[in-house]
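Participant: One-letter residues, chain by chain:
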Amino acid sequence: MSTATLDPLKLAGSKAKGKRPWFLENPDTERVMNITLALMQEVAVIRERMDTVERLLDRDGVVTREAIETFEPSKEEADERGYWMQEYIARCLRILQQDREAIARGKEDSSEDVADEFAKVD
Amino acid sequence: MADAERDPRPDPIEYDGPPDYRVVGRHGVYPETSHDEIARFNFLAQMNRHLSTKVMPGVAEAFDARIEPARKKAKKGAYKTRHEVRKDLVQDPMFQWWSAMRRATMETRQQAGRWVTIRQADALNGKVRTLTEGDPRLVLNADFKQPRSTDAIDHHCMPGSYHTELVPGDVTGPANYDAGIFATTGGMLGRYNDGGGVAVAQWVQKNLPDFQPKRILDLGAGLGHNVLPIAAAFPDAEVIAVDAGAPMLRYGLARAKTMGIENVTFIQGDVSDLKDMFEDESFDWVQSTMFLHETSYKTMPMIFAETQRLLKPGGIVLHVEQPQYSDDMPLFEQAMRDWDAFYNNEPFWTKMHEVDLDAWMETAGFDRETLIHGGVAAVVDPEVFPEAAEDTEQEDYGRKAAWHVIGARKEG
Ligand SMILES: C[S@@+](CC[C@H](N)C(=O)[O-])C[C@H]1O[C@@H](n2cnc3c(N)ncnc32)[C@H](O)[C@@H]1O
Numbered sequence: 001m002s003t004a005t006l007d008p009l010k011l012a013g014s015k016a017k018g019k020r021p022w023f024l025e026n027p028d029t030e031r032v033m034n035i036t037l038a039l040m041q042e043v044a045v046i047r048e049r050m051d052t053v054e055r056l057l058d059r060d061g062v063v064t065r066e067a068i069e070t071f072e073p074s075k076e077e078a079d080e081r082g083y084w085m086q087e088y089i090a091r092c093l094r095i096l097q098q099d100r101e102a103i104a105r106g107k108e109d110s111s112e113d114v115a116d117e118f119a120k121v122d
Numbered sequence: 001m002a003d004a005e006r007d008p009r010p011d012p013i014e015y016d017g018p019p020d021y022r023v024v025g026r027h028g029v030y031p032e033t034s035h036d037e038i039a040r041f042n043f044l045a046q047m048n049r050h051l052s053t054k055v056m057p058g059v060a061e062a063f064d065a066r067i068e069p070a071r072k073k074a075k076k077g078a079y080k081t082r083h084e085v086r087k088d089l090v091q092d093p094m095f096q097w098w099s100a101m102r103r104a105t106m107e108t109r110q111q112a113g114r115w116v117t118i119r120q121a122d123a124l125n126g127k128v129r130t131l132t133e134g135d136p137r138l139v140l141n142a143d144f145k146q147p148r149s150t151d152a153i154d155h156h157c158m159p160g161s162y163h164t165e166l167v168p169g170d171v172t173g174p175a176n177y178d179a180g181i182f183a184t185t186g187g188m189l190g191r192y193n194d195g196g197g198v199a200v201a202q203w204v205q206k207n208l209p210d211f212q213p214k215r216i217l218d219l220g221a222g223l224g225h226n227v228l229p230i231a232a233a234f235p236d237a238e239v240i241a242v243d244a245g246a247p248m249l250r251y252g253l254a255r256a257k258t259m260g261i262e263n264v265t266f267i268q269g270d271v272s273d274l275k276d277m278f279e280d281e282s283f284d285w286v287q288s289t290m291f292l293h294e295t296s297y298k299t300m301p302m303i304f305a306e307t308q309r310l311l312k313p314g315g316i317v318l319h320v321e322q323p324q325y326s327d328d329m330p331l332f333e334q335a336m337r338d339w340d341a342f343y344n345n346e347p348f349w350t351k352m353h354e355v356d357l358d359a360w361m362e363t364a365g366f367d368r369e370t371l372i373h374g375g376v377a378a379v380v381d382p383e384v385f386p387e388a389a390e391d392t393e394q395e396d397y398g399r400k401a402a403w404h405v406i407g408a409r410k411e412g
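Those protein sequences? They're chains A and B, same order as listed. If you use the numbering used here, the first sequence corresponds to residues 1 to 122, in order. If you use the numbering used here, the second sequence corresponds to residues 1 to 412, in order.
One or more of the hints may lead you astray.
[Unchecked claim] When the alpha-carbon atoms are kept at most 25 Å apart in a straight line, the in silico DMTMM-like pairs for lysine to aspartate or glutamate are as follows:
1) LYS17(A) / ASP36(B)
2) LYS75(A) / ASP36(B)
3) LYS15(A) / ASP16(B)
4) LYS257(B) / ASP135(B)
5) LYS54(B) / GLU87(A)
6) LYS107(A) / GLU346(B)
7) LYS15(A) / ASP122(B)
8) LYS87(B) / ASP99(A)
9) LYS75(A) / ASP135(B)
10) LYS73(B) / ASP109(A)
11) LYS87(B) / ASP28(A)
12) LYS54(B) / GLU68(B)
13) LYS54(B) / GLU69(A)
14) LYS75(A) / GLU87(A)
15) LYS54(B) / GLU80(A)
16) LYS15(A) / ASP36(B)
17) LYS257(B) / GLU238(B)
18) LYS17(A) / GLU165(B)
19) LYS19(A) / ASP36(B)
20) LYS10(A) / ASP151(B)
[Unchecked claim] Okay, the calculated beta carbon distance ranges per label pair:
21) GLN212(B) / THR36(A): 55 to 61 Å
22) VAL32(A) / PHE144(B): 27 to 33 Å
23) GLN91(B) / ASP109(A): 40 to 46 Å
24) ASP64(B) / THR36(A): 49 to 55 Å
[Unchecked claim] A few chain A positions that, by computed beta-carbon distances, are all more than 12 Å from chain B:
25) GLU25
26) ASP58
27) VAL62
28) GLY82
Since the hints were derived computationally from the structure, they do not count as laboratory data. These numbers come from a predicted model, not from an experiment. Where a beta carbon is used, it is the ideal one built from N, C-alpha and C, also for glycine.
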C-alpha cells in the first residue's frame, strides 16, 4: 500500500468547479460517450505499449520493463506510431466522418425509396 | 504486375500529426512520466487534432447546409449577434457531438495529468521546496485572498484552477498544467511550451531595436512559461512575475532555476492593484501574455490603469491575446470562438473579446498615437515541429498558436 499523502485514485478524476454543460439530447448518451472515449484512450495506450515491446524485441531480442519505460522512438518510428494513432481514431470515429459526408451529399434517396422505384413496372 | 517488379517496401507514410510526447522539454522539476502515461498524452494530442481538423469543420458545413437555411426558411431574418448563432448551433447534432467530445477530451486530459502529478506529489513538492525554500525570489502572501475572477470557476476545467493547494506547499496543480499543455496543443507551443514568449521577445528585439529594459513586470505570469524567454533575451534586466496563484509561483521559480534563468522574482499579488507593492514609474516594460481573458470587466480597466502608473516615461506595455471580435469577423466564427467561454470554463473570454482595446488604453491614459499593434505566432523548433512552424492556414477558433499584440509606449 502506498504511504503517499494524496490519493491519486480519488483525486485524478476530480470535477472542476463550475456547472458542467451537457451537449447531447440525452445526458445518458453523453455519459456512455465519455466512457467509450476513456476506453478508446486505454486501447491506444495498450497498442502503443505493444508497439514498444515489438520494436524492442526487433532491436534487442529481449524486452525489460525498464527498456519499455525508457524507450525513445526515432523520428521515423514516432511518425509510424503517430500515423497508426490517426488511423485508429479515424476508425473509431467513422460515424462522424459519415455524418459530414451526408451533409455534403445533401438530400439522398434511401434504399427504401429506390426499392419502391425499382418495383414499379412502368 | 509480377512480384519481382513490386517494390517490397510499404508506401512511405506522410505524417503531419502532433509529435510524440517524448520530445517535450524536461526541466529539473518536470514530473516523471511512465510509458503508459506518455501514451495517454499521445492519444489526447491526436484526439484534439482529430477533433479540430476532422470533426470541427463539420460544424461549419452543418451551419451552411442546414442551420442558417432553416433560419431563413423560418423567416427569422439575418443573425444579429453571435449569441443567436450559438443558440442555433447547440441544437444541431454536429455541434453537439463535436462539443461533447471536445469537453470529454479536456476532462480526460485533466485526469491524465492529475494522475501523473498527484501520484508523485510528495517527490515533486519536496523537490520544489528544496529549490525554493529561503530563496528571496519567491514572495508569497499567506493572507492573500483570491480575486473573484480566479475563484468563481475552475478555469479551462482544471480542477482547483491555479491556486488550490491539496497539501501545504503543493505544486501538483502547476505541474499538471505544465505536463498537459504539450498534449492539448499538440506541441504547437514548442518543447517548453514557451513559443509565445519567444515570439514576444523576438518581436520586441526586431521592432524596438533600441529598447534596453532594465526592469520588466509580467502580469498573471502563471508558472512563467512565457516570461522566461523574455528574461533570457534580456539577461541583465530584473524581471518580476506576479500571479495570484501561490503554487504557480513556487513551481515557476523552481522551474526557472533548473532551466538556468536566474533573473526572475515570483511574487504573489493581485495585478489589478499593485500600489502597495511597486512605486509609480518603476518599470520599463509591462507585459501580459494570454492573461486578460481571465480577468473581468471590473478589473481590466484597473489593470490598464496600473500599467500606465507603473511605466517609466518611454516604457512600453504589451498585451498578447487572441484577436478581438470585430465587425469584419463572421458571426459564425465569433460563436465558435466563444466555445471556450461557455463550455470550457473561460467565462470572461466572450466579453473580453468585444472590448475596444484602443479606447480602453486611451481611458487608462495612453495617447492614441503611442498605441502599438502587432501580431505574433509561436516560435518553435522547426526540427521537431515542422508543421507548427509553417502553419499559417489551420484555424482552430481561439486555440491557434498565433496572437494579437496591443500595447503602448508611455510618452516621455
Ligand atoms: C492563462 S494563465 C496565463 C499564464 C502566463 N501568462 C502564460 O503565458 O503562460 C492566467 C494566469 O493569470 C493569473 N491571474 C488571473 N487573474 C489575476 C489577478 N487579478 N492577479 C494576478 N494574477 C491573476 C492566474 O492565476 C493564472 O496563472
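Participant: Hint by hint, say whether it matches the structure.
Facilitator: Hints and how they fare:
Restraint check: the Cα-Cα separation between LYS17(A) and ASP36(B) comes to about 28 Å, which exceeds 25 Å; the hinted pair is violated. At most 25 Å may separate the alpha-carbon atoms for a hinted pair to count; LYS75(A) and ASP36(B) meet this at roughly 19 Å. Between LYS15(A) and ASP16(B), the direct Cα distance comes to roughly 34 Å. Violation of the 25 Å bound is thereby established for this hinted pair. For the suggested pair LYS257(B) and ASP135(B), the alpha carbons sit about 11 Å apart, so the restraint of at most 25 Å is met.
Between LYS54(B) and GLU87(A) the alpha-carbon distance is near 12 Å, which keeps this suggested pair within the 25 Å criterion. The hinted pair formed by LYS107(A) and GLU346(B) fails the criterion: a straight-line CA distance of about 38 Å is larger than 25 Å. The suggested pairing of LYS15(A) with ASP122(B) holds, with an alpha-carbon distance near 22 Å, which does not exceed 25 Å. Restraint check for LYS87(B) and ASP99(A): the C-alpha separation of about 21 Å stays at or below 25 Å, so the hint holds.
Note on LYS75(A) and ASP135(B): the hinted pairing is violated, with a Cα-Cα distance of about 40 Å set against a maximum of 25 Å. Straight-line distance between C-alpha atoms of LYS73(B) and ASP109(A) comes to about 23 Å, which keeps the hinted pair within the 25 Å bound. At most 25 Å may separate the alpha-carbon atoms for a hinted pair to count; LYS87(B) and ASP28(A) meet this at roughly 22 Å. Under the criterion of a C-alpha separation no larger than 25 Å, the hint pairing LYS54(B) with GLU68(B) is consistent with the structure, at around 21 Å.
Distance check on the hinted pair: LYS54(B) and GLU69(A) sit about 32 Å apart at the alpha-carbon level, beyond 25 Å; violated. The hinted pair formed by LYS75(A) and GLU87(A) meets the criterion: a straight-line CA distance of about 18 Å does not exceed 25 Å. With a C-alpha separation of about 20 Å, the suggested pair LYS54(B) and GLU80(A) falls inside the 25 Å cut-off, and the hint holds. About 23 Å separates the Cα atoms of LYS15(A) and ASP36(B), which keeps this hinted pair within 25 Å; it holds.
Taken as a hint, the LYS257(B) and GLU238(B) pair is honoured in the structure, with Cα atoms around 15 Å apart against an allowance of 25 Å. Distance check on the hinted pair: LYS17(A) and GLU165(B) sit about 15 Å apart at the alpha-carbon level, within 25 Å; holds. Proximity of LYS19(A) to ASP36(B) is assessed by CA-CA distance (about 31 Å); at most 25 Å being required, the pair is judged violated. Under the criterion of a C-alpha separation no larger than 25 Å, the hint pairing LYS10(A) with ASP151(B) is consistent with the structure, at around 23 Å.
Evaluation of the 55 to 61 Å hint for GLN212(B) and THR36(A) yields a pass: the beta carbon distance comes to about 56 Å. Against the hinted window of 27 to 33 Å, the Cβ-Cβ separation of VAL32(A) and PHE144(B) comes to about 43 Å, which falls outside the hint. Separation of GLN91(B) from ASP109(A) is about 26 Å and departs from the stated range, judged on CB atoms against 40 to 46 Å. For the pair ASP64(B) and THR36(A), the supplied restraint of 49 to 55 Å is violated, since their beta-carbon distance comes to about 29 Å.
The claim that GLU25(A) is not at the interface with chain B is violated, since a C-beta of that chain comes within 12 Å of its own (minimum 7 Å). No beta-carbon of chain B comes within 12 Å of the beta-carbon of ASP58(A); the shortest separation is about 15 Å. Annotated as non-interface, VAL62(A) keeps its C-beta farther than 12 Å from every C-beta of chain B; the closest such distance is 17 Å. Against chain B, the non-interface label of GLY82(A) is violated: not every CB pair exceeds 12 Å, the least being about 5 Å.
Against the hints set out earlier in the document, violations occur for numbers 1, 3, 6, 9, 13, 19, 22, 23, 24, 25, 28.
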